[in-house]
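Enquirer: Sequence:
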Amino acid sequence: MSKTIQIKKKPAAPWYIAGAVWVAGALALPVYQLWALGLVAVASLAALAAAFKLCPPVIETKEMPYLTGREDADEMLRQIDADRHRLRVLDERIPDDALSAAIRRMVAACDGILTQLEKDPDKAPQVRRFANHYLPDAVKILTLYADMEETGVTGENAEEVRKQVEANAAVIATAFENQLDSLYSAAALDLDADLEVLKGMLKGQGLVE
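The sequence shown runs 1 to 209 under the working numbering.
Derived from the structure by calculation, the hints contain no laboratory data.
Watch out, some of these pointers could steer you wrong.
30 Å max Cα-Cα, derived DSSO-like pairs, lysine-lysine [what the hints assert, rightly or not]:
{"#": "1", "residue 1": "LYS123", "residue 2": "LYS140"}
{"#": "2", "residue 1": "LYS123", "residue 2": "LYS53"}
{"#": "3", "residue 1": "LYS53", "residue 2": "LYS10"}
{"#": "4", "residue 1": "LYS119", "residue 2": "LYS140"}
{"#": "5", "residue 1": "LYS140", "residue 2": "LYS163"}
Restraint-style ranges between C-beta atoms, simulated for each label pair [claimed, not checked]:
{"#": "6", "residue 1": "SER185", "residue 2": "GLU75", "range": "19 to 29 Å"}
{"#": "7", "residue 1": "PRO125", "residue 2": "GLU150", "range": "31 to 41 Å"}
{"#": "8", "residue 1": "GLU92", "residue 2": "ARG128", "range": "45 to 55 Å"}
{"#": "9", "residue 1": "GLU150", "residue 2": "ALA98", "range": "17 to 27 Å"}
Backbone N, C-alpha and C fix where the C-beta goes; we use that ideal spot for every residue, glycine too.
Sequences and hints are given; from them, build the entire structure.
Expert: Put into structure tokens, the structure is as follows:
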């Protein structure tokens, strides 16, 4: 959930005023002499202080997508949120009903993971592998599928990719749901076995090492 924060910044006007005093002093007094230079400096500092009292601070409103107090958790939340948006776009691009249903399950799992991680940012390490590897890998393979469908790519390799994605999308969605379930449990679940199929698909197509 996005949050709006207010940032107070000192106004720039006092510095311009202080600079103007320097310019006026340089024109009116022999600033090459020490007494004149000191007088202009004092007048400039006085003008600066008075201007800061008269000019209110500039308040900027900034929207932060996530603000948990933990920088690593906030970055992870933004990353998962971005990939969740990509999954929603892929759902629109892919016409296959069964595959779309699996993608919507993935999105729902991401919704829950975002909610839980925002509530308890200390669980960020538990989600790191999911956020850094499994989720973006799923987006990558689904994007490849969508691109092939839209461009009408044919051939043995293309057909194999289609079959693998269609056959295993539900398995990947289940793995995402297991990741969400692990956040509710005291002990994290081992998701490696659940997501080996995704890793194998990506390796088989040369998308990951």
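Enquirer: Can you give the numbers of the hints that this structure goes against, from lowest to highest?
Expert: 2 and 8
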